[in-house]
Amino acid sequence: MKIGLFIPCYIDAFYPQTGIATLELLEKLGQEAEYPMDQTCCGQPMANSGCNRDAKETEALFIRNFSKYDVIVSPSGSCVHHIRDNFDAIEQTDEVRHVRKNTYELVEFIHDVLKVREFPWAEFPHKVGLHNSCATLRSLRTASMSELGEPFFSKPKTLLSAVKGISFAAPRRPDECCGFGGTYSVTEEAVSARMGLDKVTDHHDAGAEYIVSADTSCMMHQQGCAERNGVPIRFIHIAEILNGARA
Amino acid sequence: MSDETMSARDVIMQRLKAKKSPQEGAYPLPPVVTLGDQDASPERFEASLALMGGRMLSLQDGEGIEQAIRRAFPEMRNLCTAVPEVEGTLRIEDLETHEQADKVDVMVVRAAFGVAETGGIFLSEVELKDHLADVHLAQHLIVLLSKNELVGNMHNAYQERSEFRTAGYGVLMSGPSATADIQGVLIRGAQGVRSLSVIWA
Amino acid sequence: MSNRPVPHARLAAEFLKDEPHRHFHDERLWDMRQKRDEQMHIMPEWQELREQASRLKEHTLAHLPQYLEQFEENARCNGIHVHWARDGAEHNRIVEKILKDHGHSSIIKSKSMITDECEMREYLEPKGVSVTETDLGERIQQLDNELPSHVVVPAVQKLTTDVAKTFARYYNTDPNIDDPHALAEAQRNAARPVLLSGDTGMTGGNFLVAETGSFVVCTNEGNADLSANLPNLHIATLGIERLVPRMADLGVFIRLLSRSALGSPITQYTTHFRRPKKGGEMHVILVDNGRSERLGMDDFWTSLKCIRCGACMNTCPVYRRSGGQSYGSVYSGPIGAIIDPTFNARKFSTLPFASTMNGSCTNVCPVKIDIHEQLYKWRRVLAERHEIPFVKREIMKMAGRLLAQPTMYRLAISGTEVALKTMPRFVLYNYLNPWGKHRELPHPVKETFHSWYKKNRLNRTKTQREETQA
Ligand code: SF4
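Protein chains in written order, with our numbering: chain A, 1 to 247; chain B, 248 to 448; chain C, 449 to 918.
Do not rely on the hints blindly, as some may be mistaken.
[As the list claims (entries may be wrong)] Examples of chain B residues toward chain C, derived with CB under 7 Å:
1. P269
2. G283
3. H345
4. M401
5. G417
6. S424
7. Q430
8. L433
9. I434
10. R435
[To be verified] Anything over 10 Å on all C-beta distances counts as not near chain B; from chain C, calculated:
11. E462
12. K465
13. E467
14. E567
15. L572
16. T718
17. E729
18. V839
19. E842
20. S899
21. K903
[As the list claims (entries may be wrong)] Covered stretches of chain C, going by a simulated chain B footprint (3 or more residues, C-beta under 8 Å):
22. 580 to 587
23. 692 to 705
24. 799 to 812
Everything labelled a hint here was simulated from the structure, so no lab data went into it.
Every residue, glycine too, gets a C-beta built ideally from N, C-alpha and C.
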């Protein structure tokens, strides 16, 4: 299985350690993953702003970069959601369909495709609050949704439960959106930042030392809110914990 | 014809018929369903009624209905009745103005049936002797209800009770009037009756 | 109606400034959502009910002319006068005419969103007709001359202290009352004489039943039963989409409505009107006002399934933190954001963007409207119609170009690497101003993933890599 690694721009620029952990983790799990050097973005920012046409060239580039792989894996739920569910600014050729069908968010790739449940090298002696982004929760469906009253399941929690020493905080509103929302974070900054502050406060009040998530963009926003308001909580991507980070 | 000369009805109908989506054939009429708990027991009714803020009034040993009402409302001056079991101070048929009804402390009616799922009781112009508004003007409401006239849930009610097809006015009252419009605080007796009590009879 | 886009972001920011209001609003609506969840959890048939409700509504909307005709015929047989209104203005003229024919001039009215939509009060009042809202929340909004904030709890954005001040102005009560019970009592006492003297009763309605020609009104206060039955003239206004085919179908909708709205098993009053009361007269006005047009919109017609339960508003994290007034419309929250643009695309062009598209609304909707997907589609429609700000359009165009060219993109990224390290805080904050207003920026890093990969993977031999792994 040839894996193409998609590392979206904000991970590339601000959270390289998440990209590194993703790659190393895949390698530890016996996979060969490659990072196409010409990759940029999946087109989501333009599409979510309604400017779908402006996403066309970016989507085309994405296809040029990734169509040669059997699967594409990314440590970003919202990007995978865009590729899978909305990537339609370009013509839907076989290549495009192949890419859209075979793009996975890291957690679901490990959970559903590799079916790995053990990470013997991983130990994280901390209480964490798990943040499921709305894309992973309600679009990729990697966890049960509180609004539907369905039986509980959580792919990220299943994976994290194999990590030595980890424990989970129970926030009051586990699936409430943190308010990032892409360009929303700028166009409606006041509401967005309030939601972020409420989110980190909820986790902190529940005793979480860390917020862990499969979506860096949410955490970038939450971290900004926590730091501005002096909420003492740290942030870590699930890939880093599964890859063996201790703190 | 232009919009100007056609009737509003025809214009709206024409607009609706001109639409291509949604396609008629694609959306068949689903069969009627009866889902969920259909328990029609008095116990379920009582529990639901309590949840909706209503209460049961049970008769003590040897006590008549009217006595029980007087016991529950010792301050009451005007007891208006729509049932033969209670004499009261005036009969609903004798109410001549709404202002008179406005002064009623307690109104007694018999419900056609009750719904166990919601603690609701059904009243129509038949039970109210055509005094539709007066029942809602009274301060408190006493409802006589037979245990034999209970349905399980709202599916049962609409499917089994013919009153929905025969009554001109039919209200399912589930507990008393209520509001939470001021800072979320639940208040009974917002506009209609302040309390609703059911007597098995 | 002004065409200026509703400044949702600014109005929401203002709403957030007052801590007690912000806090109460969020918690109150969240509590309603929690209570809704409790009901769902004790009903194993919940999802089946939603599915059934959705299919019933879709079927009815697909066959609307047929059911409207059936309703009209049955209602007429029952002695109800049926009127049709193409738009709000026509609706208001119909009401005016009915009143004139009777020599009436005072309306007592229970809550109905659609008469607000038609701006009926604004039309009738200058003509000497008094219109009194009898629902407590709606009355508060009327006295304050504001649109309803929420479809179920119209004054939910206010605290007891606000209501006390308003009532003091109109009811001569103490402006410092802090007990909601006392205020509700004041309203009850003020409303009674008005109810008793009103010559015309008006209600909205939640459902029209084609099979029987009846309509259903759900309230908690019982004010619709008073408003409709006290006077001898009852006028009910309903949108043409309110139909259900059969009486038995009500079982599905009534079981979902109040549970979704407030988490109570049913509204305190569920009232079925089938014919005028003895000696009375009953009119039903069926209003289109853009509905037939909406029905023809491939992507948006299912929004007509809405039963106005407000569950989408209660769960919406954006609505809870921005308040209903910030939507500048009769319909606020997620449902407002997808139907308001059909009334006025420019004015409400901001609303589909007032969302993180988190999707919670879609999950709670009892009739399964794909609300967040419609928000996404509206954004496209509005961008294509140039109903989004010029600056945003330009930025997106630039971003689209930049992200399509790896070399230029790399340069830009290395720019941020340098910029974050070297530029003074205020310059950056100015540039990324909205982000930085209430948030810190991400921390600068030594190298991007791209350069790390180049160094640590591309420039290493395969054996070196195997060694590290071993
Ligand atoms: S869109 Fe759905 S959830 Fe929102 S008010 Fe309408 S029916 Fe209720």
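Hint by hint, here is what the structure shows:
1. P269: holds, 4 Å
2. G283: Holds, about 5 Å.
3. H345: It holds, given that the least Cβ distance between H345 (chain B) and chain C is near 6 Å, below 7 Å.
4. M401: holds, 5 Å
5. G417: holds, 4 Å
6. S424: holds, 4 Å
7. Q430: Interface hint status for Q430 (chain B): holds (5 Å vs cutoff 7 Å).
8. L433: violated, 9 Å
9. I434: holds, 5 Å
10. R435: Since chain C brings no Cβ nearer than about 9 Å to R435 (chain B), farther than 7 Å, the hint is violated.
11. E462: holds, 20 Å
12. K465: holds, 19 Å
13. E467: Holds, since 15 Å exceeds 10 Å.
14. E567: holds, 18 Å
15. L572: Fine: 19 Å to the nearest Cβ keeps L572 (chain C) off the interface.
16. T718: With a cut-off of 10 Å, T718 (chain C) comes too close to chain B, as the shortest Cβ separation is near 4 Å.
17. E729: Correct as stated: the minimum Cβ-Cβ distance to chain B is 13 Å, above 10 Å.
18. V839: holds, 35 Å
19. E842: holds, 34 Å
20. S899: Label holds. Min Cβ-Cβ 52 Å, cutoff 10 Å.
21. K903: holds, 56 Å
22. 580 to 587: This one holds; 4 residues, not fewer than the three required, reach chain B with a Cβ under 8 Å.
23. 692 to 705: Since three or more residues must qualify, the claim that chain B covers the segment 692 to 705 of chain C holds, with 10 doing so at under 8 Å.
24. 799 to 812: violated (count 0)
In this structure, the hints that do not hold are numbers 8, 10, 16 and 24, in rising order.
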